[in-house]
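Please model the entire structure based on the sequences and the hints provided.
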Amino acid sequence: MTDAEGYYRSILTIRTIEERVMQALTQGLVSGSTHLCIGQEAVPVGACEALRDDDPLITTYRGHGWLLARGVDPVDFFAEILGRDSALNGGRAGSAYMSAAEHHVYGENSIVGAGVPIAVGLGLACRRAGDGRIPVVSIGDGAMNQGNVHESLNMASVLRIPMIVVVENNGYAEMTPSAMLTAVPAAQRAAAYAMVGLEVDGNDPQAVRDVVAGARSTSLESGRPVLVEAHTHRLGGHYSGDAQAYRPAGELEKHRQSDPLVQGRKLLSEEQAGRVEADVAMLVEDAFERAVAIAAPKAEEAGTHVYAR
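Those letters in the sequence shown? Residues 0 to 308, per numbering that gives the first Met the number 0, in order.
No wet-lab data here; the hints were simulated from the structure. Small disclaimer: the values here were computed from a predicted structure and weren't measured. Just so you know, not all the hints are guaranteed correct.
Here are the computed distance ranges between Cβ atoms for each label pair [said to hold, decoys possible]: (1) Leu123 x Glu101: 17 to 27 angstroms; (2) Met281 x Ser109: 41 to 51 angstroms; (3) Ala206 x Gly146: 27 to 37 angstroms; (4) Asp130 x Ala178: 34 to 44 angstroms; (5) Ser109 x Ala292: 25 to 35 angstroms; (6) Arg274 x Val183: 42 to 52 angstroms; (7) Ile110 x Ala193: 24 to 34 angstroms; (8) His149 x Arg274: 46 to 56 angstroms; (9) Asp84 x Glu220: 36 to 46 angstroms.
Ideal Cβ placement from N, Cα and C applies to all residues, glycine included.
And the structure:
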């Protein structure tokens, strides 16, 4: 997938699925809250194209786009969020904890920054296997202020573990502007760990693909982690119930001008865009209806995979 139509189709599919998830939540079909990646879709779309299909992947709780870009079936995706007996996690994971071992996605994580030490462990395993795989972990810019992230980056560099850390910098650490919390941007911090730090326009999927592909090669050649800071914008709330009262007037309207979906559509003819939009609308609605028809997990299986002392 290197053409503009392919990128537009992928980004639109994720966007439409996320909007359908929000609609389902307002209809009372989803338990709890969700953290949608609306506006940030170009980061996983571009990054996943640059990776091997078997490169281990760990995401944040805003990880829907990563799972879908990795190839998770929309029916299974919807079924999991709806709490059905899905082929992913049997309805146990829901929106924020999904994993897809078949696609080498080792889980979303709702603990801020907690995916980075997991990636270090996966990196050790990949290095020992010697099969050329490299783990990739996505975090938010706010996670760069977590102690376990610092410790993990230092350990990975000292132990010379190839891995990629993708920092999705959407300008906010939850509801607080990143600039109010972070003195030094993520990419500039990489040098403190003897790592390469790169920046990219996170709203341009092809630019993300190229930078992540380069980061992968650099990490394997140097035997050290590489950090990629992708600048993007979250076009929705931090979570589904976020009223976004903290946003300055006009901010969203400004960011929508660089929306990857808007920018991608400009590269297509009306005929191309219309065809893609009709295909995606049909695909998403069909997937949702099929997911709704899947039965709920059996009550007697609630304890399966649950371990306690």
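Exercise. Okay, Asp130 versus Ala178 on CB: inside 34 to 44 angstroms?
Worked result: Holds - the Cβ-Cβ distance for Asp130 and Ala178, about 41 angstroms, lies within 34 to 44 angstroms.
Exercise. Arg274 and Val183, beta-carbon distance inside 42 to 52 angstroms?
Worked result: 46 angstroms, holds
Exercise. Taking 24 to 34 angstroms as the hint, is the beta-carbon distance of Ile110 and Ala193 inside that range?
Worked result: About 26 angstroms separates the Cβ atoms of Ile110 and Ala193, which means 24 to 34 angstroms holds.
For this session: Check the following: the C-beta atoms of His149 and Arg274 are separated by a distance inside 46 to 56 angstroms.
Result: Holds: the Cβ-Cβ distance is about 48 angstroms, inside 46 to 56 angstroms.
Exercise. Is it true that Met281 and Ser109 lie within 41 to 51 angstroms of each other by Cβ?
Worked result: With a Cβ separation near 33 angstroms, Met281 and Ser109 fall outside 41 to 51 angstroms, so the hint is violated.
Exercise. Between Leu123 and Glu101, does the C-beta distance stay in 17 to 27 angstroms?
Worked result: 23 angstroms, holds
Problem set entry | Range agreement (Cβ of Glu220 with Cβ of Asp84, hint 36 to 46 angstroms) | For Glu220 against Asp84, whose Cβ atoms are near 45 angstroms apart, the range 36 to 46 angstroms holds.
Problem set entry | Whether the CB-CB distance between Ala206 and Gly146 falls inside 27 to 37 angstroms | 31 angstroms, holds
Problem set entry | Outcome for the supplied range 25 to 35 angstroms, where the beta carbon pair is Ser109 and Ala292 | Since Ser109 and Ala292 have Cβ atoms about 29 angstroms apart, the given range 25 to 35 angstroms holds.
Checked against the numbered hints given earlier, the structure breaks only hint 2 and satisfies all the rest.
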